[in-house]
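Colleague: Chain residues, written in single-letter form:
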Amino acid sequence: MVEIKNLTFKYNNEIILENINLKIEKYDYVALIGPNGGGKTTLIKLILGLLKPTSGKIILNTKKIGYVPQYTNFSLDIPIRVIDVVLQGRLNKFKFFYNEKDKKIALEKLSLVGMSKFQNKKISDLSGGQRQRVLIARALVNEPDILILDEPTSAIDIKGQKEIYKILKSLNITKLIISHDINILLEGVNKVAWISKKLVLHNTPDLHFKPNEEHFCEVDFINAIQNCNVCHGEHT
Amino acid sequence: MIELFTLIPNSFYASILISIAVGIVGSLIVINKNSFIAGSIAHGSFGGIGIAFYFGIPILLSTSIFASILAIILSFITLKMPHRSDAVIGAIWAIGMSIGIIFSEMTPGYNSGLISYLFGSILTIANEDINMMIGVDSLLIIFILFLYNQILLISYDKEFSKVQGLNVTLLHTIFLILTALTIVMSVRAIGLILIIALFTIPPFIAEKFTKSLKSMMFLSAILSAIFMISGIIISFYYDISATATIILLASVSFFAVMFKKN
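Protein sequences appear in the order of chains A and B.
For the first sequence, position 64 (counting from the first letter as 1) is numbered 63 according to numbering that gives the first Met the number 0, and the numbering increases by one without interruption.
For the second sequence, position 95 (counting from the first letter as 1) is numbered 94 according to numbering that gives the first Met the number 0, and the numbering increases by one without interruption.
There may be inaccurate statements among the hints.
As the list claims (entries may be wrong) - Here are the simulated distance ranges between beta carbons:
{"hint": "1", "chain 1": "A", "residue 1": "S74", "chain 2": "B", "residue 2": "N261", "range": "50 to 60 Å"}
{"hint": "2", "chain 1": "B", "residue 1": "M80", "chain 2": "A", "residue 2": "L75", "range": "20 to 30 Å"}
{"hint": "3", "chain 1": "A", "residue 1": "K92", "chain 2": "B", "residue 2": "T5", "range": "23 to 33 Å"}
{"hint": "4", "chain 1": "B", "residue 1": "M80", "chain 2": "A", "residue 2": "K92", "range": "16 to 26 Å"}
{"hint": "5", "chain 1": "B", "residue 1": "T106", "chain 2": "A", "residue 2": "D76", "range": "38 to 48 Å"}
{"hint": "6", "chain 1": "A", "residue 1": "S115", "chain 2": "B", "residue 2": "S229", "range": "42 to 52 Å"}
Unchecked claim - Computed cross-link-like contacts, SDA-like style, restricted to lysine to any residue with a CA-CA straight-line distance of at most 25 Å:
{"hint": "7", "chain 1": "A", "residue 1": "K63", "chain 2": "B", "residue 2": "I143"}
{"hint": "8", "chain 1": "A", "residue 1": "K102", "chain 2": "A", "residue 2": "N119"}
{"hint": "9", "chain 1": "A", "residue 1": "K94", "chain 2": "B", "residue 2": "S214"}
{"hint": "10", "chain 1": "A", "residue 1": "K121", "chain 2": "B", "residue 2": "I143"}
{"hint": "11", "chain 1": "A", "residue 1": "K102", "chain 2": "A", "residue 2": "P143"}
{"hint": "12", "chain 1": "A", "residue 1": "K196", "chain 2": "B", "residue 2": "E158"}
{"hint": "13", "chain 1": "A", "residue 1": "K120", "chain 2": "B", "residue 2": "I101"}
{"hint": "14", "chain 1": "A", "residue 1": "K62", "chain 2": "A", "residue 2": "V191"}
{"hint": "15", "chain 1": "B", "residue 1": "K161", "chain 2": "A", "residue 2": "R89"}
The set of hints was computed from the structure by calculation and includes no laboratory data.
Bear in mind the structure is a predicted one, so any value in this text is a computation, not a measurement.
Here a beta-carbon is modelled for each residue, glycine too, at the ideal position from N, C-alpha and C.
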């Protein structure tokens, strides 16, 4: 689906990403983790074609990419309804108006993320989690082969995060998600790429425990991993 | 009251035509947080007025070209260096005004019409200005009928619109050129100092009461027409400046809405 080969990206002569290699297969669910400023968002922008690599290349097997940007980039005050946001996913350079088919697909995707009844609400009246679900619906209206999400669960309460993870898990397409939330590893991810200028790829261990719904943080996660037999004593 | 508008019909037409532009351009200025850019074009366009005085060329033509050039420069600066653009926007504001001051000073007897460009004189609008307003309004209506969805997407989420393949640079530049033409057409009526207030206050109020950009545009146009026409009537009977009355009416409503909503 996506193959990144020896990719290096420099900005103002500073190396942001160095010799990145990553292969994303069809139906992979890849989590991109790593420190702030480590280059996660930059890598996504390179895959989306918003930035050009300094050297190396990115081979994309598809042109149909669904993208969910980070919510901090948005103008929150603009008066715009939920359905109008979802329809935006159908626009392109040569498309100016929406037809019946666009509206039908937009409503379908809204109901897929459980937001149909909010279709005529102003987007700024929704909660963070609801807004994020609308953005996922917008990314899906072109029936993409791969969904790329930049921190979809940041600044959202636990309940909202759970709902988003559940929706993502249910989508039968290739997914690439940037996350600061360690819980993502329990939500069906099969590869984890840690990025801080360089990339280290892990396969996710198959964790057989159910986290507490009320509270689950990094401390619980480490405890759980220590008690987990799939780790074969690598963590002591 | 009716006699007033039969006496000076152009002020009535100008109010309606400018209000249509306030609805479309003003709403887009407000949702894109472009008031400073619009202010820069408005004040900078004074350069075009000075050049027209000095060389004796038609003012609307000279100012339209001058303001459009400023709009193109501003478009590239705001897209290429979004985090430092405010300093450049401020500089262009002053450069345009300075060019205007120097050229009009070099023109003998320049003082005559100057005040009306700064503060506007909606009661003495020429047919030539009305024609330009009709032309620019037609362009604006065509622009928004065709590009409404694309402009809305760019205003809401620039990054996503780039991924969707929209030409953000081109659309942003077209929008700023239209803003420049709108400002030029309104300069003699409203004056370049007060113009930004008229283009931002009605949309700002409308935004609080509407759920879509379309309805925001309609409501701002209606509010603007109410402010302008009632401002003209009040100023006529009390013999005070029409434009200042219009802006004060709008400002009082603006603070009343802010106070009520919070």
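Colleague: Taking the hints in turn, state whether each one holds.
Modeller: Do the hints match the structure? See the list:
1. A hinted range of 50 to 60 Å is violated for the C-beta pair A:S74 and B:N261, which are about 20 Å apart.
2. Between B:M80 and A:L75 the CB atoms are about 24 Å apart, so this pair conforms to the stated range of 20 to 30 Å.
3. In this structure the hint that A:K92 and B:T5 lie 23 to 33 Å apart at CB is violated, the actual value being about 50 Å.
4. At roughly 25 Å, the beta carbons of B:M80 and A:K92 sit within the given window of 16 to 26 Å.
5. Between B:T106 and A:D76 the CB atoms are about 44 Å apart, so this pair conforms to the stated range of 38 to 48 Å.
6. Between A:S115 and B:S229 the Cβ separation comes to about 44 Å, which falls inside the hinted range of 42 to 52 Å.
7. The suggested pairing of A:K63 with B:I143 is violated, with an alpha-carbon distance near 28 Å, which exceeds 25 Å.
8. Taken as a hint, the A:K102 and A:N119 pair is honoured in the structure, with Cα atoms around 13 Å apart against an allowance of 25 Å.
9. At most 25 Å may separate the alpha-carbon atoms for a hinted pair to count; A:K94 and B:S214 meet this at roughly 22 Å.
10. Between A:K121 and B:I143, the direct Cα distance comes to roughly 21 Å. Compliance with the 25 Å bound is thereby established for this hinted pair.
11. For the hint linking A:K102 to A:P143, the alpha-carbon distance of about 17 Å falls within 25 Å, and the restraint holds.
12. With a C-alpha separation of about 23 Å, the suggested pair A:K196 and B:E158 falls inside the 25 Å cut-off, and the hint holds.
13. Simply put, A:K120 and B:I101 have alpha-carbon atoms about 53 Å apart, too far for the 25 Å limit, and the pair is violated.
14. Straight-line distance between C-alpha atoms of A:K62 and A:V191 comes to about 24 Å, which keeps the hinted pair within the 25 Å bound.
15. Restraint check for B:K161 and A:R89: satisfied, since their Cα atoms lie roughly 13 Å apart, inside the 25 Å limit.
When each numbered hint is compared with the structure, violations occur for hints 1, 3, 7, 13.
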